[in-house]
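Visitor: Each chain is listed here by its residues.
2 protein chains.
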Amino acid sequence: MCELFGMSANVPTDVCFSFAGLMRRGGDTGPHRDGWGIAFYEDNGCRTFHDPRASAESEIARLVRGHAIHSELVICHIRKATHGRVCLENTHPFTRELWGRQWTFAHNGKLRGIKKRQLTTFRPVGTTDSEHAFCWLLDQLRLAHPGQAVPSGSLEPQIRELAADLGTLGIFNMLLSDARHLFCHCSTNLAWLTRRAPFGAATLVDEDLTADFARETSPTDVVTVVATKPLTRDEPWTTMAPGTFRTFRRGELLPPARNRPLSAR
Amino acid sequence: MCELFGMSANVPTDVCFSFAGLMRRGGDTGPHRDGWGIAFYEDNGCRTFHDPRASAESEIARLVRGHAIHSELVICHIRKATHGRVCLENTHPFTRELWGRQWTFAHNGKLRGIKKRQLTTFRPVGTTDSEHAFCWLLDQLRLAHPGQAVPSGSLEPQIRELAADLGTLGIFNMLLSDARHLFCHCSTNLAWLTRRAPFGAATLVDEDLTADFARETSPTDVVTVVATKPLTRDEPWTTMAPGTFRTFRRGELLPPARNRPLSAR
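Just so you know, the protein sequences line up as chains R and D, in that order.
Sequential numbering of the first sequence, starting at 1, is according to our numbering.
Sequential numbering of the second sequence, starting at 1001, is according to our numbering.
Calculated from the structure, these hints are not laboratory results.
Glycine included, C-beta positions come from ideal geometry on N, C-alpha and C.
Chain R is faced by these chain D residues, among others (derived, beta-carbon under 8 angstroms):
hint, residue
1, 1044
2, 1059
3, 1063
4, 1088
One side only, chain D facing chain R, incomplete, derived with CB under 7 angstroms:
hint, residue
5, 1042
6, 1045
7, 1067
8, 1089
9, 1100
10, 1102
11, 1123
12, 1124
13, 1125
Work the whole structure out from these sequences, hints included.
Guide: Put into structure tokens, the structure is as follows:
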């Protein structure tokens, strides 16, 4: 199964600790044998690293592990290919510009019949069902807001509705960002945890590694991490129920916005 | 002045030699003080590295210098900021998906009044005149071919015409790729060189470094490099005249396609 990881924080934060645990996961014959990718937002900019090879052979994984890139928003994906060959263009997370913002998407699961859904503006570069779903989702948002400007008001109700729709096609665990929010849809497996003062220590599930966040943070820091399964064994993770949707901004869980129908579908 | 570098080859080729010379350039107070970026195509996939910091401080530059990434198409840009603050989203090359292909763009120069040109689909994430020009160029291509499929036939005449149009706004030295071709427009400074058998040795202009391509290549390799100014002192570079346009594919210079007007502008 693919592994998803996301982070939303109110201060640029590195993900070295989580990344160490994450890189232990992802397949039987070796860790993450079908590639991995990670997107780091820095303000409006978005820096991505992709590698279709196993991370053990990856110079790029060494760079990300060894060098603490600080970001307020991260989306990471470790792939076990179920759909589409193993190559750079099929490696999550996928990125597109919409309304002058970089959108980033990673998906775990499988969607039956997604490729029958017509696309208008955004088109996949690779052959995965996931990238097709991402293009369809952005197309629907664009069609619902045909003007050029970023729509005012929350897009959360629409994205939640579109994610629920995609979920009817199979398994759709999703992390999505518009450079501001981290949108999370759980179909089968997704859990989250918010770290804030008073900070303590935490130990990874997958590796015998402990971090003392009290030493690395300031009292006002708020950092939420989201993962396919809890990454640490001694912190109070919230397991999302199938069909639920959560939105984080600057580390905080946002209250669900009032549901509004899409003006065009 | 910004430095541009491009490479088109018929076989995956590393750019370590050129990159060593290139990284010596770009500003008085230190090399490439306003950031740099590079895009490597691997089939349809495109891997980009961006750093808004000087390359001397850049872990990412060390990765690219030390690790031979092989690619058939490369676009690199070293920035001396003239327009837009120094940050990740203002760092070339810029990338957008059109017709299911990743397009990549880097620009050296300055375009007066470019931001008055209206955009329809593509919008800048940052604030540079360059990214606005890139979005406008892709918008024009999309408007001229409103269907979903990649247009059949050569896009070269249209891209050449659009580049010439942008050139009327100021200085427009440009490298552009659609994952297949390397399109080059010269406004003031651009030179190119094709290496093919029999391969010899070459010495960098900017650094006391010599490569013996005969040892690193096979007889059928064809590799074209394009740069703001010749990178080597002992090879027959062709300096492009102001206003000229050249297209390379798999290392070879393509004959200019017959000029056709854009069907919509």
